Structures are given as C-alpha cells and as structure tokens.
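> The numbering of the sequence shown is my numbering, which starts it at 4 and goes up by one.
Don't read these hints as lab results, they were simulated from the structure.
It is possible that part of the hints are untrue.
[Said to hold, decoys possible] With a cut-off of at most 25 Å between alpha-carbon atoms, the simulated PhoX-like pairs for lysine-lysine come out as follows: (1) Lys58 with Lys39; (2) Lys26 with Lys10; (3) Lys15 with Lys44; (4) Lys15 with Lys58; (5) Lys19 with Lys8; (6) Lys15 with Lys26; (7) Lys26 with Lys8; (8) Lys26 with Lys6; (9) Lys6 with Lys44; (10) Lys8 with Lys58; (11) Lys10 with Lys44; (12) Lys58 with Lys26; (13) Lys26 with Lys42; (14) Lys19 with Lys58; (15) Lys58 with Lys42.
A quick note: this is a predicted structure, and the numbers were derived from the prediction, not measured.
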Amino acid sequence: MPKLKTKRAAAKRFRKRAGGGIKRGQAFLRHILTKKNTKRKRHLRGSTGVHQADKASVRVMLPY
Numbered sequence: 004m005p006k007l008k009t010k011r012a013a014a015k016r017f018r019k020r021a022g023g024g025i026k027r028g029q030a031f032l033r034h035i036l037t038k039k040n041t042k043r044k045r046h047l048r049g050s051t052g053v054h055q056a057d058k059a060s061v062r063v064m065l066p067y
C-alpha cells in the first residue's frame, strides 16, 4: 500500500491526544474583540476537543 498524505492545513489546526481524542483551538478570538466582553474572551483561551460528529473527517485528514 502507498503511504497516505496528511492534509497540511489540518495538521496545523489539530493534534492527536494520547487517549485517542483530537485537540483543537477555539474560534472567535482573532479580530473584532472590542465588542466581546472579557469573560467571553477569557473562556475562549486554551484548547478544546473536536466534536464527536467531526472526528471521523478529521481522522481521515490526519492518517498518522
């Protein structure tokens, strides 16, 4: 079998966790920050997991 190529855009956005989950960064913290309150911006920091419905498509993009 030939090797599978990794989608490079996905490799920059997602990381695999040891337990099999997939980690992603939070959205909505890039621009237009003046109208968002401090609590909302604070809770968008850090990372979260990929939703169960999207896991299969992300795994296809990241074969290794």
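> Hints the structure violates: just list their numbers, smallest first.
Hint check: 1, 9, 11 and 15 fail, others pass.
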